[in-house]
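Number of protein chains: 2
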Amino acid sequence: MAASSSLTVSQSLVGRTRAHHGSTTTTHSDRLSLPGFSLSTLAGRGIKSSSSPSSLVVGSRKRVNSRSAVRAAAVETLDKTDTTLVENSINTIRFLAIDAVEKANSGHPGLPMGCAPMGHILYDEVMEYNPKNPKWFNRDRFVLSAGHGCMLQYALLHLAGYDSVKEEDLKSFRQWGSQTPGHPENFETPGVEVTTGPLGQGIANAVGLALAEKHLAARFNKPDCDIVDHYTYVILGDGCQMEGIANEACSLAGHWGLGKLIAFYDDNHISIDGDTDIAFTESVDTRFEGLGWHVIWVKNGNTGYDEIRAAIKEAKAVKDKPTLIKVTTTIGYGSPNKANSYSVHGSALGAKEVDATRKNLGWPYEPFHVPEDVKKHWSRHVPEGAALEAEWNAKFAEYEKKYKEEAAELKSLISGELPAGWDKALPTYTPESPADATRNLSQQCLNALAKVLPGLLGGSADLASSNMTLLKMYGDFQKDTPEERNVRFGVREHGMGAICNGIALHSPGLIPYCATFFVFTDYMRAAIRISALSEAGVIYVMTHDSIGLGEDGPTHQPIEHLASFRAMPNILMLRPADGNETAGAYKVAVLNKKRPSILALSRQKLPQLPGTSIEGVEKGGYIISDNSSGNKPDVILIGTGSELEISAKAADELRKEGKAVRVVSFVSWELFDEQSDAYKESVLPAAVSARVSIEAGTTFGWEKIVGSKGKAIGIDRFGASAPAGKIYKEFGITAEAVIAAAKSMLG
Amino acid sequence: MAASSSLTVSQSLVGRTRAHHGSTTTTHSDRLSLPGFSLSTLAGRGIKSSSSPSSLVVGSRKRVNSRSAVRAAAVETLDKTDTTLVENSINTIRFLAIDAVEKANSGHPGLPMGCAPMGHILYDEVMEYNPKNPKWFNRDRFVLSAGHGCMLQYALLHLAGYDSVKEEDLKSFRQWGSQTPGHPENFETPGVEVTTGPLGQGIANAVGLALAEKHLAARFNKPDCDIVDHYTYVILGDGCQMEGIANEACSLAGHWGLGKLIAFYDDNHISIDGDTDIAFTESVDTRFEGLGWHVIWVKNGNTGYDEIRAAIKEAKAVKDKPTLIKVTTTIGYGSPNKANSYSVHGSALGAKEVDATRKNLGWPYEPFHVPEDVKKHWSRHVPEGAALEAEWNAKFAEYEKKYKEEAAELKSLISGELPAGWDKALPTYTPESPADATRNLSQQCLNALAKVLPGLLGGSADLASSNMTLLKMYGDFQKDTPEERNVRFGVREHGMGAICNGIALHSPGLIPYCATFFVFTDYMRAAIRISALSEAGVIYVMTHDSIGLGEDGPTHQPIEHLASFRAMPNILMLRPADGNETAGAYKVAVLNKKRPSILALSRQKLPQLPGTSIEGVEKGGYIISDNSSGNKPDVILIGTGSELEISAKAADELRKEGKAVRVVSFVSWELFDEQSDAYKESVLPAAVSARVSIEAGTTFGWEKIVGSKGKAIGIDRFGASAPAGKIYKEFGITAEAVIAAAKSMLG
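Chains as they are written, first to last, in the numbering used here: chain Z, 5 to 751; chain L, 5 to 751.
The following block holds chain Z by itself, in its conformation from the complex (with noise of 0.2 Å):
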């Protein structure tokens, strides 16, 4: 009922000043203003200041660039030739998402043919890229939230001349081996920032995106330099918009004020299972307007191309809120038959309606054919795309004259290159080194990183002061500082996690971590496992990790948590027993910046082990401590984190009854796998059946460690609620319950 009430609608072609924004200084970023340049070409292009307030038009149909200071010499007028030039253009879109998915026969032609004219005005008007250089750093980032549509995407990389989608790479849509995969894949296709099709998680990332840059701006733009400058947008559809993780991500959005953050709603009213109507009710504008967001509904996406020029304006110049632009749009716009219906979502239209379809839209051309006009027009987003570039490099030579220290600290990030000696920073401990929880030890190594790693930024869902992740030395990223490095995430475990995919893939040498108590990962694991699908480093501090969280019971204590990390793909489990582990798992965490780690940590305090060491923890699974020679141990003791103290007490006892005992750490199985077979006899010698694992959490998994005949020592049920000590003893997770399994094993 208030829904509509205070929806702020444009329709019209002329920007408005929006004064009740506050903000009317002209800054690089207040680049919006007279409508009526025309397009640049870039053989044209001179050089001018960009903080000339008429240096670029947004809104028109005309395209200048908009943050370079590349300007149009010469001026190309679009009249009505250039309408039916813009129609071709979007029909061209269309066709090659329809001719891709029929080939393929599987696919989603839906979201392309209705969001056709937004992503035209995307790519070919709006955004700032280099298709030869897809990372090039201050390119505008977009992301498909609505990855099922991911043809519209390969698409405009097709278009604006990206090489890795080529005509082959569309006939050969979702076949094996393809850069074109049935969604939005960032380590297969050089153009797509992020990975997609999970719904809501590609809006989150876009948050973090959003958030790096806002962040990079404020450490490293200066009053005559803006070196980091991009805008971010967005498409999502309602899906997306269900899921709770966009909320998440979006209510954050609005409390940071990401005022370059652009995000289009495809609202057509169907989804998989029909009409919106029969799941989704809510009023979208009404709830983005409580988060914070700037609202814009544009009420034809389908040919309304000004509408969507004028909204793409008035989101600019919302300097300090994010802008949601609701485009109505009609899903499989075009086709006759199938058009605003769930069954154009995600199948193959049949050649018939193709037919059908491409009659309707008036297009004669055979499947995947670009018309020559569409491609000569798109044609220049190579040159532009090399002369953006180029003109950037040479703002940061200027930049880098003035701003040595700033330059090569940016350099740094954006190469991804760590500074030398950087793993010198991190902590070590002895013996003699007082007990504390790892999750304290875990403070220390990311204090003592944040003074060598630049790119070292993060946070916790509300439980800053648990999972001990405070960065002493800097204050909170919030709306007025975001230069600072502590990100206060609130109690959104999945919205933070798609957050730090964001940050981790803006830039090489951002480091994101992010932490939660490790139960938590349950709330995340979809966007932990985009983490590792998408090659995106991010750390994660995982605090009370077991049981020996002891009060709060079965609901916080985690059983399975590690087997299941265990089992995903491409990600590094690692449970450090004490300080030295701990070290050593933060430098294993940096070092793979493509491959994301996550930190079990305890809650409880843990003595600082003798034999413990960094370099033990890059192996995976190492001894601690052995009496025995000849690699012939009586027994393997094998303990994780907070039950490696165990395993080395119950050694202890079992060498005073004269066994030879070795104990083991198996800080991470995934970096024991990729040791060599001789290091793994090493430690593990096949002849030595007798092992005996402890950790706190579940069997399962660990046979293939100790093998058939020896024994795992763990939980198999839910926790309880009570003093760590008294469940450790009661659940017989204590070095009695090794030594005995020991015992039986020796005979």
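Among these hints, one or two may not hold up.
It does not matter which identical chain is used: a pair holds within one copy or between any two.
[Claimed, not checked] Pairs of lysine-lysine, DSSO-like flavour, derived with a Cα cap of 27 Å:
no., residue 1, residue 2
1, Lys139, Lys170
2, Lys708, Lys684
3, Lys455, Lys483
4, Lys476, Lys636
5, Lys747, Lys708
6, Lys730, Lys107
7, Lys170, Lys730
8, Lys175, Lys730
I should point out that these hints are in silico values taken from the structure, not numbers from a laboratory.
Being a predicted model, the structure only gives us computed values, none of them experimental.
Assemble the complex: chain Z is given as a structure, and chain L must be docked to it using the hints.
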């Protein structure tokens, strides 16, 4: 900015008629009218028609039973003395919480201190329940979504006379074996409806409880008898509000118009990391208006008892929308030095501050003391609760006379007793039956069961036509058709799971199922874990269970998911291979009311295999074919789900070469684990170490089954986008691979 303008503030005691809500009929729920009636005592209650418009009062300081016909004959006036009594009661709640946390030196005193007023009003003045039968069907449900504040609920249950929380239970708060664990757990503490603590789950459970009430009321109520008729109350905090799951579930609650769901939002501005300003500045009110809720703001939740009462009255008057009552409170109210700070959230106050708080609130009593006047006042709830239940029982007897069939069905839903021979409805198949995807076979089972199980209802997260979950004989559960059984959850997996937990725990005979792609269990894992922990027998219908889904690619292809659920306690992970096994999986799922089941189902067609059976599934692992004798096969081939066919094919080839080959279907590890040693030996004899397993998922964990000399064939990397057959071949999930592995063992 629109936040406050549209907010409905209720501060008046006088109930407003909210004409714009449109409901003007005088029905059973139209029971809020004239204030001024007085506290009923049970002894004086007569029987009077509940349709009288003046039959109850909420919004005065008097408690009059609302829904029951029990009415006061004796009138007791609550004057100034009574305000003192109310304050004493509220302070009793506060100090029981303070003292229990202090004794345990662990827990969360802040919320109970701030929410004691609303807690008192709910349990003493508003809610209908029977302390001596916490499972009385028609009770009002209460959910403490901010579960860390559990001492609030324990104190209330104690005062109300529940046997589960005696004084000694309060004194053993958070101790081993107590009924007062660190967070509310329905399986530990009668009177607790659901298990909370992980934030956001509780409000979503409450949506499920309210859905169940609306559904059952629509099915069973008659114009002359509202046999199903209760409210669902929730207290949630800032943490719950930040969680995406809460937004998902509340969007559905608004969509469904759950008018009898009344949520109290404890707006205390403090979360663990400090002031909510650091991460949570959205307008919750505006968001909830967008979600279609009625929103009320109680500005003084600390002492504004009448404001709280008036808000409840207003909430009840709004019948077509759920209500959010934002109650602004002070966390740790009463503590002179710690109130309104994060330090009172999750730690004991400490002896000194406890003393100061006692002084500040004028509380001269020893720890755990309940003053006599408070004890006397609350003592009426035991007889009153008994009378409420007796009255409802009498009503039910009347109902039963008139509506025999409905009464029998409702009885079975209340008791959870399954109809005799229900499992005969399950379809069976022969090898001649057509090949089909197990997702389709699952739909046949669901539709067969819907005819015989009155409590079966559920749906999908916007994938009904992919998950094949529609019950063809029913329509959609919607706002105006709540009697139907197809629930449309939208793309809200997490909310869906938690809503199903609420449905399952509403009544033993309700059997909720819910569905999405198997990989998206990642989105709802926290809710699935609560199903397992809280013994909620939800059936999770998870289709597209492997790389066999093909072109959608690695974002959609589960790899680690089977292992990750096998590692989770108290859950059945079932992966049927064909029609008989799918039927068997449903039989097991329905019978396991206190253990949730996950059915992993194929997108692709699978043949009906010789040897499969419902009975086999019940044993978890069983032989489907064998040409060996004396329990001594040369090799055992083990498969699950879509790969059982591959094992069978490989066996055929090997037998042609004269080998004695056993094929074992390993549909559920958990069920196999529960069989006798003799049975296990009959399927997997210890002497036979030549074992090959094949499963299109991670090999993690399979060492337990195949042993160190066996071979597990699977996929330990992410999948790929291509047609399914191609992916199987490229990843080596083939009969050839099984044959090669078997031969390598046979020498």
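At most 27 Å between alpha carbons: which applies to lysine 139 and lysine 170, within, between, both or neither? within (18 Å within a copy, 65 Å between copies)
Please sort lysine 455 with lysine 483 into within, between, both or neither, judging by C-alpha distance up to 27 Å. within (23 Å within a copy, 57 Å between copies)
At most 27 Å between CA atoms: does that hold for lysine 476 and lysine 636 within a copy, between copies, both, or neither? neither (48 Å within a copy, 66 Å between copies)
For lysine 708 and lysine 684, with the copy left unspecified, which applies at a CA distance of at most 27 Å: within, between, both, or neither? both (13 Å within a copy, 20 Å between copies)
Given identical chains, is lysine 175 near lysine 730, meaning Cα to Cα at most 27 Å, within a copy, between copies, both, or neither? between (63 Å within a copy, 17 Å between copies)
How would you label the pair lysine 730, lysine 107 (within, between, both, or neither) given a Cα cut-off of 27 Å? Only across copies: lysine 730 and lysine 107 sit 16 Å apart there, 63 Å inside one copy, limit 27 Å.
Between lysine 170 and lysine 730, at a C-alpha cutoff of 27 Å, which is it: within one copy, between copies, both, or neither? between (64 Å within a copy, 23 Å between copies)
With 27 Å as the alpha-carbon cut-off, assign the pair lysine 747 and lysine 708 to within, between, both or neither. both (21 Å within a copy, 22 Å between copies)
When held up to the earlier numbered hints, the structure conflicts with hint 4 and nothing else.
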